[in-house]
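Please build the complex by placing chains P and H on the supplied structure of chain W, with the hints as guidance.
Protein chains in written order, with the numbering used here: chain W, 741 to 998; chain P, 7 to 312; chain H, -19 to 318.
There could be a bad hint or two in this list.
Stated by the list, open to error - Derived DSSO-like pairs: lysine-lysine, alpha-carbon spacing no greater than 27 Å straight-line: (1) H:K198 with W:K806; (2) W:K798 with W:K808; (3) H:K258 with W:K837; (4) H:K180 with P:K133; (5) W:K843 with W:K806; (6) W:K843 with H:K258; (7) P:K54 with P:K38; (8) W:K806 with H:K219; (9) H:K198 with W:K808.
Calculated directly from the structure, the hints in this document are not laboratory data.
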Amino acid sequence: MINIENLIVRFDNAEVLQSINLDIPVGTWSCLVGPNGAGKTTLLRTMLGMQPYSGSIKYNGREIAKNKSLNIAFVPQRPSIPAAMSVAEYVMLGRAKLDGWGKESAHSRNIVHEMLEATQLLGMQSQLVNTLSGGEMQRVLIARALVQEPEVMLLDEPTSALDLHHQIAVLNKVEEIKATGVTIISTMHDITLGAMYAERIIIMQSGRVLLDGESQSVIHSPELRSAFDDRISVHKLENGRPVIIAAKRATGLDQGVI
Amino acid sequence: MFKKFTRPTALLVTALLLAPLSPASAASTSTKYPLIISSGGYSTTIPKKPTRIISLSPSATESLFEIGAGKQVLAVDSLSNFPKSAPITELSAFEPNVEAIAALKPDLVVLSVDAMKSMVVKEALEKLKIPVLMEKAPENLAQAYKEIEVLGAVTDRSAEAKKVTFKMAALIKSIVNRTKKTVKITFFHELDNTLYSVTSDTFIGKVYKDFGLVNIADKAAGADSYGYPQLSAEYLLKTDPDVIFLADAEYGESAATVKARAGWSGITAVTKKNVFALPNDIPSRWGPRLVDFYRYVAACLTKVKK
Amino acid sequence: MKKNQIDRVWRWQITASAAAALLIACLLGVGFGPVNLNFGSIIRTLLGLPNGLENEDRTLLLELRLPRVVLGALVGAALATSGAVYQSVFRNPLADPYLLGVASGAGLGATIAITNGGGDLHALLPIFAFLGGVLAVGATFLVAGRLFADPSTLLLAGIAVGSFATAFQTYLQQRNSAALRPVYSWILGELTVANWDVVKWAGFYIFIALFVLIRISKVLDALMLSDEEAYSLGVSPQKIRLIAVAAATLATATAVSASGLIGFVGIVVPHLVRGLTKRATNRSLLSIAFVGAAFLVIADLGARTLLSPAELPIGVITAFVGAPFFLFVLRARNRGSQ
Chain W
741 MINIENLIVR FDNAEVLQSI NLDIPVGTWS CLVGPNGAGK TTLLRTMLGM
791 QPYSGSIKYN GREIAKNKSL NIAFVPQRPS IPAAMSVAEY VMLGRAKLDG
841 WGKESAHSRN IVHEMLEATQ LLGMQSQLVN TLSGGEMQRV LIARALVQEP
891 EVMLLDEPTS ALDLHHQIAV LNKVEEIKAT GVTIISTMHD ITLGAMYAER
941 IIIMQSGRVL LDGESQSVIH SPELRSAFDD RISVHKLENG RPVIIAAKRA
991 TGLDQGVI
Chain P
7 MFKKFTRPTA LLVTALLLAP LSPASAASTS TKYPLIISSG GYSTTIPKKP
57 TRIISLSPSA TESLFEIGAG KQVLAVDSLS NFPKSAPITE LSAFEPNVEA
107 IAALKPDLVV LSVDAMKSMV VKEALEKLKI PVLMEKAPEN LAQAYKEIEV
157 LGAVTDRSAE AKKVTFKMAA LIKSIVNRTK KTVKITFFHE LDNTLYSVTS
207 DTFIGKVYKD FGLVNIADKA AGADSYGYPQ LSAEYLLKTD PDVIFLADAE
257 YGESAATVKA RAGWSGITAV TKKNVFALPN DIPSRWGPRL VDFYRYVAAC
307 LTKVKK
Chain H
-19 MKKNQIDRVW RWQITASAAA ALLIACLLGV GFGPVNLNFG SIIRTLLGLP
31 NGLENEDRTL LLELRLPRVV LGALVGAALA TSGAVYQSVF RNPLADPYLL
81 GVASGAGLGA TIAITNGGGD LHALLPIFAF LGGVLAVGAT FLVAGRLFAD
131 PSTLLLAGIA VGSFATAFQT YLQQRNSAAL RPVYSWILGE LTVANWDVVK
181 WAGFYIFIAL FVLIRISKVL DALMLSDEEA YSLGVSPQKI RLIAVAAATL
231 ATATAVSASG LIGFVGIVVP HLVRGLTKRA TNRSLLSIAF VGAAFLVIAD
281 LGARTLLSPA ELPIGVITAF VGAPFFLFVL RARNRGSQ
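Chain W extracted, bound-state conformation (with noise of 0.2 Å):
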């Protein structure tokens, strides 16, 4: 169980999360879901220890910032692409904590091997970063977070840049890698594709979370709408699937030509 109690960070003299209370199952898919500013990136970063917190994270009973054996991958937006580095040895680097940096053990090598060919990106290895599509780049980012064997995975907007064939390809993969038993956290732009993935929503505005809970019953909550200022309806599909889109409100535009 991951368990955050009071958690306020502080950013510039402003409170930008302002005392967060979750608790986060072991081996669930959370989303984080809100407008821009609400916090979620942050939180994200404060998982990792790039922000000084009072409060407490807890990673089964443990402070994560005392506890070094824990892994926790980072899977960016939009990463920085080294020049002329190889798919192989970009991949390499997610073994940097475990290995030492700079060592690459039999051991490493095997799983990188393994991690490659469950991305379907073996075919690949040699090939250099920077000549990627977007879809095989996030099947790179991905690999290079799974060979660090975490427990957590944190994906920071994982389908914002991709087509929608790619979208439901590292979907898919994430929740294959859910099922192994790693607790993923994710922010998302898109509710519709995170409900259909994720067990849990986190909905959060200017700091705050203001629900957190199944993502069926969030997603049709007031709390999901308010969240928006009302600018989005919440409709049901034949199968029962939620789809969430914008719904536009009578402004004294509409008569106008635009």
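Just chains P and H, lined up with the frame of chain W:
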């Protein structure tokens, strides 16, 4: 009886007393080696009479040949283009290549203090047992003569060196006296077409000063601590010099190009056709051709119409 | 099981080859010059065996050529390694060691030393150049606002500081015309008359800087990832950035104060090594240092012999090699991304 001998005796005694003062007594001015001499602010020890001299200073080259030490010169730098008989090479006066110099096996190197890393070059050559004579650009005529005399002492041609400097001094004196005007003449010495000039603190400035000329650049002396201020076209128009000396003729400047400059056609020097192009090299050498520089300036001044 | 293994990312043979290249370059460097010395005698002298060179020839080899070759190697290693480190820190393949204002600061220091003449310029100039370079980088961090500023902020601050230093330098030169020639000569870079004194102090600082850089070289790989990923791998990127920039600045400032501004080494050599070995991680740093050293020793050999007895400024040679190399790199990148 003694009266017959008095006058010849008196003459003989006088001659004997005056003999040491005569510049022509070669025996007493011959150089004794090893020679420890100070030049350019440094002290050099020369173990024996040098016969394989490498000169890395165009002025020193001219002086060496003028005092008759040309046979003792092995090689001169790429800028030492006078006299024509000097053994010119590709050696650089300003960026000396120690190994290249050493490869020629000289027994004396004349080096300018302004050369890049001159101190280090001197040390390196001395480590290879090659004595180095340092030359500094002189600030006035007396220093220029001293440098020639030092070269004379070093090459065991002191007598000839003294003759050369005496002659230079005499010639310069007569040239100046002949040409000196009582009327005030203002001038502008142009170093390049961005109007860099020289003040009277510089060697060249002093030459002009000897002729009684008034240097318009003196008022701008504060602009550069070495005496080479940059003037503006406006200042030129305001001060309206009577004479313009062009030191940049080898870069394409002439009376015609000066006249064509915007606003310059009204300057006195241009309208009265007193724009003179200085010959290449001569203004920047402080060897025996200094006389030629004085001569040239004098010739210009006789042509000046006021 | 062996067939399933991923290719080794690094091999020790690469480092060994680079070291061998340096050794060959040094032998060539001491073997050639305007004065012809018997190669066998040179080797015997270096190894301390009998029948070596005597007297002036011996002095020429040990007091002139050898320190020059050693200094060239030190400066080459310093510039190449710093360039590679800057490329990692700024995630920019065109970064060079002079980015944060080191060059302009050192140039300003040198100009101040030259225009204030007097005293032992020969000893003062390196000190002023060194201080100028280091202070300029310090100013860059001040201007950037924080010690842990992100790379693009640092870059912009470096440009600002560099421009200011250059402007001030130009002003000083305007007011002191006699300084123009020595300053420009220094700027073009030269190893002309290295001696063992210069080698000693330059070697001291460069060795310290290179030692630090090679120790942290592997962790530098974290800088090639985004900051979040670096943290997830247990690294604080800001701290590494600071140490890396500090050490690289020390190496560069020392190199510049010993030998003036020699360009292109810091950009060309890292690309050369990474391109030839097809490896982009910072494990190549030691090899980059060796190859950088070899590169500059050979370039200096060219400077000394190509137009003998005149000396080419070494910056000219590195530019002649570097400029076409740039075109090559750019074309390769364009082809690769198509």
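Here is what the structure says about each hint:
{"no.": "1", "hint": "H:K198 with W:K806", "verdict": "holds (24 Å)"}
{"no.": "2", "hint": "W:K798 with W:K808", "verdict": "holds (13 Å)"}
{"no.": "3", "hint": "H:K258 with W:K837", "verdict": "holds (24 Å)"}
{"no.": "4", "hint": "H:K180 with P:K133", "verdict": "holds (19 Å)"}
{"no.": "5", "hint": "W:K843 with W:K806", "verdict": "holds (25 Å)"}
{"no.": "6", "hint": "W:K843 with H:K258", "verdict": "holds (18 Å)"}
{"no.": "7", "hint": "P:K54 with P:K38", "verdict": "holds (8 Å)"}
{"no.": "8", "hint": "W:K806 with H:K219", "verdict": "holds (19 Å)"}
{"no.": "9", "hint": "H:K198 with W:K808", "verdict": "holds (20 Å)"}
Every hint, counting from the list given before, is met by this structure.
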